[in-house]
Structure formats: C-alpha cells, structure tokens
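Make the complex out of the two chains shown on their own, each in a separate frame, by following the hints.
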Amino acid sequence: MITAKKVSKEYSAKIALDGVDLSIPKGSIYGLLGPNGAGKTSFIRIMNQITAPDKGEVYFGSELLQPRDIARIGYLPEERGLYKKMKVGEQVLYLARLKGLTTNEAKGKAKEWFERLEMSGWWDKKVEDLSKGMAQKVQFVTTVLHEPELLIFDEPFTGFDPINTNLIKEEIQRLNENGATVIFSTHRMESVEEICNHIGLIDNGKVMIEGNLLDIRKHYKDGTFAFTTRTAFSDWGPHEVLSQKEDHMGYRTVLKSTEFPKELVITLSEKEALVAFEEVLPTVSDIFIEIIKNGPKPWNHE
Amino acid sequence: MSNPILLIIQREFLSRVRKKTFLLVTLIGPLAFAALMVVPALFASASEDTKQIIVLDEPSILLPHEGKEQYVLEYLDPRENDLELAKELLRDSQYDALLYIPSGENWDPDFIKNNILLFGQEDPSLEMQGYLDYLLEEQINKAKLLKNGVDPEVVAQIKTNVTIKSFTLGEEGTDEQSAVPIKMALGYITGLLVYIFIFFYSVQVMRGVMEEKNSRIVEVIISSVRPYQLMMGKILGVGLVGVAQFIIWIGLSGILYTVISTYLFPELFAAQSAADAAGNPAADAVGLKVLDMLRSIDFTTVTLGFAFYFFGGYFLYSALFAAVGSAVDQEADTQQFMLPVTIPMILAFVTAQNVILEPNGTFAFWMSMIPLTSPITMMVRLPFGIPLWEVFLSGGILVGTFFTVVGLAGKIYRVGILMYGKKVTWKELFKWLKY
Chain S
1 MITAKKVSKE YSAKIALDGV DLSIPKGSIY GLLGPNGAGK TSFIRIMNQI TAPDKGEVYF
61 GSELLQPRDI ARIGYLPEER GLYKKMKVGE QVLYLARLKG LTTNEAKGKA KEWFERLEMS
121 GWWDKKVEDL SKGMAQKVQF VTTVLHEPEL LIFDEPFTGF DPINTNLIKE EIQRLNENGA
181 TVIFSTHRME SVEEICNHIG LIDNGKVMIE GNLLDIRKHY KDGTFAFTTR TAFSDWGPHE
241 VLSQKEDHMG YRTVLKSTEF PKELVITLSE KEALVAFEEV LPTVSDIFIE IIKNGPKPWN
301 HE
Chain V
1001 MSNPILLIIQ REFLSRVRKK TFLLVTLIGP LAFAALMVVP ALFASASEDT KQIIVLDEPS
1061 ILLPHEGKEQ YVLEYLDPRE NDLELAKELL RDSQYDALLY IPSGENWDPD FIKNNILLFG
1121 QEDPSLEMQG YLDYLLEEQI NKAKLLKNGV DPEVVAQIKT NVTIKSFTLG EEGTDEQSAV
1181 PIKMALGYIT GLLVYIFIFF YSVQVMRGVM EEKNSRIVEV IISSVRPYQL MMGKILGVGL
1241 VGVAQFIIWI GLSGILYTVI STYLFPELFA AQSAADAAGN PAADAVGLKV LDMLRSIDFT
1301 TVTLGFAFYF FGGYFLYSAL FAAVGSAVDQ EADTQQFMLP VTIPMILAFV TAQNVILEPN
1361 GTFAFWMSMI PLTSPITMMV RLPFGIPLWE VFLSGGILVG TFFTVVGLAG KIYRVGILMY
1421 GKKVTWKELF KWLKY
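Top to bottom, those sequences are chains S and V.
Using the working numbering, count along the first sequence one by one with no gaps and you end on 302.
Using the working numbering, count along the second sequence one by one with no gaps and you end on 1435.
Derived from the structure by calculation, the hints contain no laboratory data.
This structure is a prediction, so every number in the text was calculated from the model and none was measured.
Warning: the hint list may mix true and false statements.
Said to hold, decoys possible - 27 Å max Cα-Cα, derived DSS-like pairs, lysine-lysine:
| hint | chain 1 | residue 1 | chain 2 | residue 2 |
| --- | --- | --- | --- | --- |
| 1 | V | 1159 | S | 85 |
| 2 | S | 109 | S | 87 |
| 3 | V | 1019 | S | 126 |
| 4 | S | 132 | V | 1411 |
| 5 | S | 169 | S | 109 |
| 6 | S | 55 | V | 1019 |
| 7 | S | 6 | V | 1020 |
| 8 | V | 1423 | S | 84 |
| 9 | V | 1411 | S | 6 |
| 10 | S | 271 | S | 293 |
| 11 | S | 245 | S | 262 |
| 12 | V | 1422 | S | 6 |
| 13 | S | 206 | S | 293 |
| 14 | V | 1020 | S | 85 |
| 15 | V | 1422 | S | 14 |
What the hints assert, rightly or not - One-sided and incomplete, this derived list gives chain S residues near chain V with beta-carbon spacing under 7 Å:
| hint | residue |
| --- | --- |
| 16 | 22 |
| 17 | 77 |
| 18 | 83 |
| 19 | 84 |
| 20 | 87 |
| 21 | 241 |
Don't be surprised by glycine CBs; every beta carbon is placed ideally from N, CA and C.
Bound conformation, chain V alone (with noise of 0.2 Å):
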C-alpha cells in the first residue's frame, strides 16, 4: 500500500500546477522582474525633453551658467525686463519655467536667497527645482565667500571628503573588507522573499482546508487517512508547488536576463554602464571593491539559512493557516484568527530596516529568537556574520515550536472540519484542543 501522505501531497501537487493560475503567475513573475531590470535602463538612455528655463537674474549671480542639456538657461536682461515683463514672456511664448533672482536692496545674499522664485507653464517638476536649487546653492556659497574675503578655490582645497574602509575581523587574521550595502540589499531581499513567499503559500494552505471542508469531501477523506496525515499531506503539496515555482523563476529570470542583456538590447546595457563608468570615474575601482565585498558574505550560510527558514517558516505559519481554515466556514471569518497570526510577521517585516541598521543588537537577537518572527529577522541578519550558536538556537527553537504548533494545530483541525455552520471563537478553538 502505497503512503498516503504521498498520494496527498501528489494530488495537491498536481492540481495546483495544471491550473492556468499556476502558469500565469509562473510566467509572469520573471517577466516582471525582467521588467524591472530593463525600464529603468530604457528609461535612464531615452533622452529627455529639454526644457528651456528662462531667468531674470537681478544680481548676476547665475550668470554666465548656461544651465545643462536638459535645462538650458537663458538670461533676460534685468536692465529692460522686470518680473512682470518677464512673467508675460513666459506666458506667450514656448519657455517652460521662469527663474526669478531679485537683487534686493543691497545684494545682500541672505535676502536674495530667501526670495528666488519659479514659474512654470506647468507645475515644475521636483527634479527641475532640485537642479536650480543646487545651482543656487553654489553660486551664493561662492558669493558668501567672497564677501567674506574668502577664496573659493581655497575652500574648494580644503574641502575634505572622508572615506573609512570598514573590516571585520576575520577569523585566522584574513581581515575582510565589510560591505554593508550589500549585505544590506542581501538581508532585504532575502527576508522579503521568505516573507511574500510565507504569506502566499500559507494562505494556499488555508484556502485548501476550507475548499475540503465547504464542498463536504473531508468526511470522505479522512476516514480514509489521519486528518493528521491529510493536513501534513496539505502542507508539504502545497510547499513542493512554492519551491517548483521558485525554482521555475530563477531559472527563467535568468534566461530572460541573460537573452534581453545579450540579444536584444545589448546596446543599452553596455551604453548604461560607460555612462555608469563615465559619470563616476571611480566606477571601475567601485567594480572591484564590490567582487572584494561579495567575498566577505558567508554565502554559504545564507543559502542554507535561506532554505531552512524559507520553509521552517512557512511549515509553522501554514500549520497555523490549516487551522484557521479548518475552523471557518467562509473566507470572511477568518479574519479575526488571521490578525493575530499575521502580526508577528508583519512586524518582523517593518523592523527589517531597524534590525539592519543594527543587526546584532539587542532587539535583532530577540526578533530572531521568536519563531514566528524568527524567519525573517534572522535573513536579515545572516548576511551580517552572526555567531553560528545564535543560528542554531534560533533554528532550534522555530524547529521545536513547529513540532509543537502543528500538534495544536493538528487538533483544532481534526475538529474544525467536520464543524458546520457554527460561528467559531477564540475561546471555542481552545475548547477544540482538550477534544
């Protein structure tokens, strides 16, 4: 006789691949993440409309800066025009913005930067503000010195940019260089995938038990396997369809970079990087430094902590989500047992940046002590270099509360679904586990 929980798992495998659903979000998850590597570079080699800016600088302190390619300055001369002149040529005409410097009474830097202002034929645009801004900002330091009797080009020398190399000490004296912006990005993403990916198959989990229950096959089922066993059956069927469609993702996403980056617009991606290169002369060198920082991730530990929590995660919170399931009648019940459940991984997710900015600080160590915190917290963590106890308490401690959650949640649901038509309480579902 063949197991049972096998044929469970095959069946709930198998109907959840042959959907159209399955396909679809298979498919489209690497186009989008295609999508997101290509637009920003389409966007970032379109040229930009240029927008013409006119300005009437009163106090010249703009002048003779013609602005850059996609805003082009043009100067007004103050001696014939004054801001209403100037604000009636705007209007008539196919300038985009007008940039107003007043001289005030005394030229008086303080004043004037209080004062500039801009009109636009439409509203302008942040990025155009920023850029005058900027411009302004200089200009005006520049004048400001100079009224001080102060060389610019002194306090351009003295001007001192800091740049400390971090390490973390290594084990047999092999110093390596941190990268903290990577591990950073690293911990993100890592801990964003285990939380979409926990969330998603979860309530899979929870959606099967109740489409069990509502069309009335359980009864049927279980008295031919453990509602244990079916549960179980659920749970790993329903993982199985996550690493399928994770695995599917990579590799497509991998292929569709690989095709868009080579064949199809091979240009653009070789023209953004020599811009990358030509706009930061130190890009190359920044090239190198980042190959030196890969190498101080442990990515070993990362991967296999990725895996573990990946599905300790999922396990604990599914095993949760049967039971809910199994105690509900329609989706619009679950609410008040989902809340509950989903907070400690929400939180685990909106503290993602606190415990990055400290990774092994006090409330990051907790966070990844708490199990139904833990999977996240942790992947964000990992990359950082934690003690390897730290890993294995914590790993310890979500291993044994699955075993002891899926024993509870075994029981709720042995019970809950053959329960009909009944509005469940919390105090009910305690009730359930003594059954």
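This is chain S alone, in the form it adopts within the complex (with noise of 0.2 Å):
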C-alpha cells in the first residue's frame, strides 16, 4: 500500500528521518511505532503531503503518491480537534467535502455513520456542547466517513476513554477487513500488539526493525518458558528461574532454556502437576530495548 524508499527530512535543528525504508503491506493494521520523537509523526506527515520529504521516495500502490492520493487517506492526527462554534452535522460535512465527497454522498454517509455509533441526535448541537468522548467519537467519523483505502491514526488511544477505546478498535478492525490499510502510531507499544500483524519500529529517525509482528516476535524469541503447575514447584534443575508467581491457574514459573526443556514437561506431565504449558515470546517493547541495547538481530535465512 504504501513504500518508503530512502526517506530522509531534516528540521533545521535535528534530522527527523533519516533514509527511512518501510513498506505497509495492502490489507493490513500496521503498528507504526517508537519512542516519542522518534520521526512517527514526520513520517506521517509526509504520507499525508503536509510535508514533503527532503530526499527519497514515497509511494502509495506502485504510484508515486500524489495530491489527489489525499481524498484515499483518512487521518486521525495526535493533536485533534474540531472547529468549537460549528455545528456537528455542518463540520463532518464540510470535512467530508473537503476530502472531494458531494454534499449529498457525504450526507448519506454520515447519517450511517451517526446511526452506527448511536450519534444520531448530535447533528444540530454545537462541538463546544458535547463531552470529550462524544466529540472524540465525531472526529473519528470525520476520520473514515469519506471511506479511505488507508487509514492513519496518531497516538490514537491517549485521551480516548476505555469504552471509546474499545469501540473505535471494533471498527477499525471491521473497516479493515472490509478492505482497508490501517497504520497505528504510538509509543506505548502493548497497547496496540494485540490487533496489529505489521509492524515497524523506529528511533532516532532509523527503521530498526520492520514485518510481520509474528514473524518478528519468533525471531527474537530467546527461550522463554512459562509453566502453570497445580502446586508449587521448586526443583526447575539447571534452568534460569524469571519469575513465579500464583494465579487463576495454579502456580505460573517463567524460565530461561537453552534448547526445548522437553524433560521438565515429561517430568512434570507424569507426575500430573502440570496445567498449561507455553513458550513465551518478547512483547515488542521487550524487542524494542533488545534492539536499543544489543542493535537489530540479523535474519538468518534458514
């Protein structure tokens, strides 16, 4: 959907990308993430022509991306707000116009959207009227009323309350398999793990890391292993005990092997101690400071 080729900007004072590659697979729910001035939101604002790049390539399909690409991009900036003395009704229409819809398509469409998120009598009320969370809830349609191909959002869950929270990522999953790119931008990164499949990591302007969240996450697993036991276990043998603690399961023991502990789950099975068993693998933020500490771990193609 989208291929950055070689992207690099400048700001007078600090480099923001520095020859930035990534490549945003069609179909998919991308989690574009990092530390806070990482170049996220430089990266973003290229894809949305706000800004251009200083050198390199973007491009959305196999096109260079170009103006018009605009009215195919729905974005959900981090600073957001909407205009306080217009109505709601006039403002996503004036919003949807802007993005080339007819006044009446985009009539059309808002009153399923309002329908859909139980907004239906907000049209006429003023935004400076409405709570946080309602005028969140309006901002979103804005976002996809036009029907993007690919959807941006920036730190799309800070300020958002949980029920929001929680209904905006049912959406944002029913739009994408409807059909629709989504990109995820932010710094907390488990918030967004469960529902991205791509991801890309950035820091200092530079892709440390970037594909398939699985693929990702297998590459740098480092034998983790996590037993649940009915009672409590102490002789783990040579193993690196990480934790262990008790929960709705039993008794739940992470540890450090070198090869698969295939004794330890016979052993343990015999004696019919064992309630579930597991590998675990590194959440992107336990990658992410693996990768700041020791750099990328190369792929080595089996």
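As structure tokens, then:
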C-alpha cells in the first residue's frame, strides 16, 4: 500500500527521518512504533503530504504519492480537534467535502455512521457543547467517512476513554476486514500489539526493524518458557527461573532454557502436576529494548 | 470535485456572517452614521439656555451693546457700583456671570484690554469667553482708532477680503475649478476607511488562524488541502465578509438618511439649511460652487483606486497577520510581531495630514510607493489627481509585494500552525522560511 524508499527529512536543528525504508502491506494493520520524537509523526505528515521529504520517495500502491491521493487517506492526528462554534453535522459535511465528497454523498454516509455509533441526536449540536468522549467519536467519523483505502491514526488511544477505545478498535477492525489498510502510530507499544499484524519500529529517525509481527516475535524469541503447575514446584533443574507467581490456574513459573525443556514437560506431566505449558514470545517493548541494547538481530534465512 | 478553496471561502464567510456580532456591527454601523448626521442637527436646532451676564463697564466701552440671544448683557451703573459690590450682586442673584471692564487711570485701551475680568457662578464656558473676547476686541479696536483720529468707518471700507479662485489646468483647455476642501475630505475619509478595513479584517484573519491552531483542527484540514489553500481561503472568505458588510452599510446608511431627513425630522433638516442660508448670504452660491467643484474630481479613478487599495492593502496585511497568527499560541504573544507590521500603516494614517497639505510632494510620492503605506497614502492623494503612471507604479509594487509576502507568509504559516507550546522568536521565523 505504502512504500517508502530512503526517505529523509531534516529540520533546522535535528534529523527527523534518516533514510527510512518502510513497506506497509495492503490490508494490514500496521503498527508504526517508537519512542516520542522518533520520527513517527514526521513520516505520517509526509504520507499525508503535509510536508515533503528532503530526499527519497513515497509510493502509494505502485505509483508515486500524488496530491489527489489525499482523498484516499483518512488521518486522525495526535493533535486533533474540531471547530468549536460549528455544528456537528455541518462540520462533518465540511470535512468530508474537503476530501472530495459531494454534499449528498457526505450526508448519506454521515447519517449511516451517526446511527451506527449512536450519535443521531448530535447533528445540530455545537461542538463546544459536546463532552470530550462525544467529540472523539465525531473526530473518528470525520476520519473514516470518505471510506479511505488507508487509515492513519497517530496516538489514537491517548485521551480516549476505555469505552470509546474499545468501540473504535472494533470499528477499525471492521474497516480493515472490509479492505482498508490501517496504520497505528504510538509510543505505547503494548497498546497495539493485540490488533497489529505488522509493525515497524523507529528510533532516532531510523527503522530498527520491520515486518510481520509474529515473525518478528518468533525471530526474537530467547528460550523463555512458562509452566503452570497445580502446586508450587521448586526443582527446575539447571534452568534459570525468571519469575514465579500464583494465578487463577495455579503456580506460573517463567524460566529460561537454551533448548526446548522436553524433560521438564515430561516429568511434570507424569506427576500430573502440569496445567499449562507455553513458549513465551517477547513483547514488542522487550524487542525494542533488546534492539536498543544490542542492535538488531540479523535474520539468518534458514 | 469542488475546489477546496471555494469550500473554505464559503465556510469562512458563512461562519462569520451568521454570528450575532456580525449582525450587531452591521446594524450599529449605519445607526452610528445616521446619529452622526442627526445629532449635530438636533443640537443646532435646540434652543440653548440664555446666559445673563452683568457688565460693570467703567470706561463705557461696550455700552450700549445688548449682546445676543444667547448672551444677554445687562449693565450696572459704574457710578454706584464697584467690583466688590458687583461680585456680591452676582453671588445673590440669578445672573450667570459678571464681566468687569476697568477704566484704569486715563482710559488707556492697552491698560483696559489687559485687565478685563470675568467671574461666573460656574466656570465660564469657552464659548462665552470667546464671544466676549470678540465683542471687546471690536470695541477696543474702535476706541483705539478714534483715539488716533481715524474714522472706524473708513477702516471698515478699506478692509479687504481676498478670495482666490484656484483652477487645475485641464488637458484640453477645460480648466477645472479646484476643490481643495472637498478633495481633502474625500481623501481623508477614503484613507480612513481603507485603514479601518485593513486593520479590522486582517486581525480577524489572524484570530481565525489562531482559532484553528488552538482548537487543533488545523492538522486535519491540511491533510485534505494545502496549507496555502487554507490560508488563501481564509483571507478571501474574511475579505468577502468585509465587502458584504461594507455594501450593507452603504445601503442601510442611505436608507436611514433618507428616512430620517424626509420622514422623521423633515423640518429639522429644512430648518438647518435655511439657517445656513440665512447665516451666510453666500450659501446659495456656495452650494452651486460645491457642485462645480465636485465635477472637478475624477470619481472614476477615486472609486477604482478605492476598490483596488481597499483589497490590495487588505490582502497584503492579512497575509502578514495570518503568518503572525500561525506563529503564536496566544493572543498576548502576537504583540511583538504585530507592532512592526502595523507601524507602517499607523504612520501612513498619521501622516495623512502632511500628505493632504502637499499631495504631490516627495514625501507623499514615496509613501504612496511603499506597499505597506501606499493603500492609505494613495487614497489620500487620489482625489487631487495625480499622474496615472504613479498610480500604476504604486499598484504594481503593491501587487508584486503581495505575491512575495503571501509566498513568505505561507511558508511561515505552514510551519507555524503545527508548532505548539513554543515561544517563537524573530530568528526562528526566518528559519522557517527555509524549511
């Protein structure tokens, strides 16, 4: 969907993007991750053609990004708001028409969305009379109304209340199932882990790692295993125990093992003490910290 | 797809026109204008209180002058009264003031003129003083003439009033009678209008930019349109509000004036013009002369010039103000940037008097070439008829500067609207130009 080739952007004081190569697959839910100031917003603004890169190219599909592509993108910025004095309905129509919809198209689609998100009574309200949560819903509707092929959310869940967060996550997943490509940008890596299937990790304007989330997590697995036993168990042999705690299923012990701990599984099973066993994949934050410490781990294509 | 600039213009226009304040200002404007015309007429026709002044005229200089309707003079007998008695009398009486004219030792007019005193129950009004000064000067002049053996009648005959009829040399021998006072008024009024319009609506553009920035809507908008389009749409939309307001003002003022002068107070206006005519025997002639003079002004140029400088100045300044608005977070922070931007305009307005005195002088010429001052200065000059090439040169410079400034302002705007929580300095603004 989006392919960035050697994209660089420099502001007077600092380099925001330094030769960024990214490819966001069509139909994916893509997590653009990295700490604050890593360059995520700079890259998003380039995709939205708010700024232009100093060097490098960005492709939308197979063609270079063009002004008219704006209508194919829906963008919810981190700094988001609405005209306070304008009525909700007028505002939604205005923003949709700026994206190229006719008034009638916009009206029809707006009505659908307003019903869907239970906002029907809000049409003639002024934005300043809405609660924060209500305004967030309106912002979401304005982002998706023109049925863009690409949806970009910058720090989408900061400032949203839990109910809206869930509602919007569901809606985004539905839009994705209907064919939209979704980009989430956030510094809170754990917040998107469950819905993203692709990620790109950026730090200091450089891409640290990019690809399918599961592949990456597998690639960074470090021999961590979790055993849940019926009763507390202490003889873990030569393995380094990382943590132990009681949970709803029994006692969960996380340990490190250089190879698959086959004997332990057999022993515990024979004692009928084993409730659950799993290999623990590292979280995105774990991977990020690992990369910052030791650099990216080379892919050896077996 | 409809042009986004048109959409933006539409929103900017409608969102302002629908506001209650717009309605209020639009209605109050003509009312204030009408009040400006009616109130003086009302004042002029209202019979004012008569002030009674007692005069202790020792040298009998004023006697037997009775004053006028407004100031009635009543004389005390100097043989029976002195200043102290007269003051007592004033204190206990209904009289408003006491005028004391001493005779001195030998009735020397120069002594008298320096020692005349006026006492009032309240502070004597300037008007009363003015009237008495005038009366006394006249009488003392006469007294001096007589003292020197000159007949005041002769002097009155000798006194000459010169009225020069000035003409502007026309192109085909049709010399036009010049109309300096009317040209002055016209230049000043149109200059003032341009000044007010530029200031009022440029600030609105700035506020609009800040509103978009502070409500955080701006990034959503510029992901749909270019920042430049948003800025231009705003400038044009607000300008259109100004035009609408101006047209409504002119229309309403005209209607109001007609209604007031023909239906509400017809006698008032008739009385006023009658009074004018009676007070000044030449009034009829003046009326005709005014018409003559009006013909000497090139109204086409003035009107076209007004429209051009009205918009040209507004566009130039609103682009600058838009850049200022984009660079700051709060209105309070705008001061440091606004001041240098507004000083030229204020300067142009303040120096309008000098320009009027010498509309074709060097100063006036340069002020009407510099684009930041030309909209006002040129309007002041235009009624006086200036060479066409100057108008075109000044207009060309203004348009050229406008495009340059819009380009630069657009650059600052593009960066500024996405910059939050930062106190911006001039140095930084220059850096933004290079982004």
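Going down the list of hints, with the structure as the test:
For the given pair, residue 1159(V) sits about 71 Å from residue 85(S) by alpha-carbon distance, which is inconsistent with the 27 Å threshold. About 17 Å separates the Cα atoms of residue 109(S) and residue 87(S), which keeps this hinted pair within 27 Å; it holds. Of the supplied pair hints, the one linking residue 1019(V) and residue 126(S) holds, its CA atoms being roughly 13 Å apart against a limit of 27 Å. Distance check on the hinted pair: residue 132(S) and residue 1411(V) sit about 33 Å apart at the alpha-carbon level, beyond 27 Å; violated.
With a CA separation close to 20 Å, the supplied pair residue 169(S) and residue 109(S) stays within the 27 Å bound. As the CA atoms of residue 55(S) and residue 1019(V) are separated by approximately 46 Å, the hinted pair breaks the 27 Å bound. For the hint linking residue 6(S) to residue 1020(V), the alpha-carbon distance of about 53 Å lies beyond 27 Å, and the restraint is violated. Restraint check for residue 1423(V) and residue 84(S): the C-alpha separation of about 25 Å stays at or below 27 Å, so the hint holds.
A hinted pair counts as satisfied when its Cα atoms are at most 27 Å apart, and residue 1411(V) with residue 6(S) qualifies at roughly 25 Å. This hinted pair does not check out: residue 271(S) and residue 293(S) have alpha carbons roughly 41 Å apart, beyond 27 Å. Note on residue 245(S) and residue 262(S): the hinted pairing holds, with a Cα-Cα distance of about 22 Å set against a maximum of 27 Å. Under the criterion of a C-alpha separation no larger than 27 Å, the hint pairing residue 1422(V) with residue 6(S) is inconsistent with the structure, at around 30 Å.
About 15 Å separates the Cα atoms of residue 206(S) and residue 293(S), which keeps this hinted pair within 27 Å; it holds. The suggested pairing of residue 1020(V) with residue 85(S) holds, with an alpha-carbon distance near 12 Å, which does not exceed 27 Å. Using a Cα cut-off of 27 Å, the hinted pair residue 1422(V) and residue 14(S) holds, with the two alpha carbons roughly 16 Å apart. Because the smallest distance between the Cβ of residue 22(S) and any Cβ of chain V comes to about 19 Å, over 7 Å, the interface hint for this residue is violated.
The criterion of a C-beta within 7 Å of any C-beta in chain V is met by residue 77(S), whose closest approach is roughly 4 Å, and the hint holds. For residue 83(S), the shortest C-beta to C-beta distance to chain V is roughly 6 Å, which falls under 7 Å, so the interface hint holds. Annotation: interface hint on residue 84(S) holds; nearest CB of chain V at approximately 6 Å, less than 7 Å. The restraint placing residue 87(S) at the interface with chain V is violated, with a minimum CB-CB distance near 10 Å, outside the 7 Å limit.
Interface restraint check: residue 241(S) against chain V, minimum CB-CB distance 47 Å, threshold 7 Å, status violated.
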